[in-house]
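Peer 1: With the hints as extra help, turn the sequences into a complete structure.
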Amino acid sequence: GENVEQHPSTLSVQEGDSAVIKCTYSDSASNYFPWYKQELGKRPQLIIDIRSNVGEKKDQRIAVTLNKTAKHFSLHITETQPEDSAVYFCAPRGGYQKVTFGTGTKLQVIP
Amino acid sequence: SAVISQKPSRDICQRGTSLTIQCQVDSQVTMMFWYRQQPGQSLTLIATANQGSEATYESGFVIDKFPISRPNLTFSTLTVSNMSPEDSSIYLCSVEGIGLASTDTQYFGPGTRLTVL
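Chains as they are written, first to last, in our numbering: chain A, 30 to 140; chain B, 88 to 204.
Take the hints with a grain of salt, since some may be wrong.
[Unchecked claim] On the chain A side, residues computed to face chain B include the following (Cβ under 10 Å):
{"no.": "1", "residue": "Tyr65"}
{"no.": "2", "residue": "Gly70"}
{"no.": "3", "residue": "Arg72"}
{"no.": "4", "residue": "Pro73"}
{"no.": "5", "residue": "Gln74"}
{"no.": "6", "residue": "Asp78"}
{"no.": "7", "residue": "Arg80"}
{"no.": "8", "residue": "Ala120"}
{"no.": "9", "residue": "Lys127"}
{"no.": "10", "residue": "Gly133"}
Derived from the structure by calculation, the hints contain no laboratory data.
Quantities reported herein were computed from a predicted structural model and do not represent experimental measurements.
Backbone N, C-alpha and C define an ideal beta-carbon position, used for all residues, glycine too.
Peer 2: Laid out in structure tokens, this is it:
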């Protein structure tokens, strides 16, 4: 199966700073690269996604960049706010449309 | 998006018993999945629920332990059979293709928190 790793596993930033989370995958057939946010006690929700024919996508304070050659994609959050505190999961879709969730990154934004 | 509900939201069960979790969507969807998430951990796919046929199980999960039904395009059940304390977890259903659209985004139900004593 696909190996999916996220780094770092935990991240603490001051409010207003930027945060970057990296997701590394192994399946070269992967073609869809989403990021999910899961607040404590809540369900995971999609926050941004990108497809393999695009290198970067931005939505207000969040962005995703993709490097297919190196098989990694990253979540960028600028001007972090306390409500950004959550666990973030990448979930690349590989061959045979199989989704594998990453190990998760716990982001804490300190007011 | 769609409204996805799960019943029960939580339960405490005795070992050796079985529990059936229901997932209901207010729109027809192409795909339905069942995940397990242990506290502080990532999501692990149990199986894909196939409408009108047997579910497709991931490595480490078997039909005898986790029977799944999907009688139509809006409803699925997951049964956790012969439970042990190791089955204590949050079970989540997710769906793709709301309105039978061809999309990759997964939408999750609120989850069922299961505790086995």
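Peer 1: When the hints from earlier in the document are held up against this structure, which numbers fail?
Peer 2: Result: no hint breaks.
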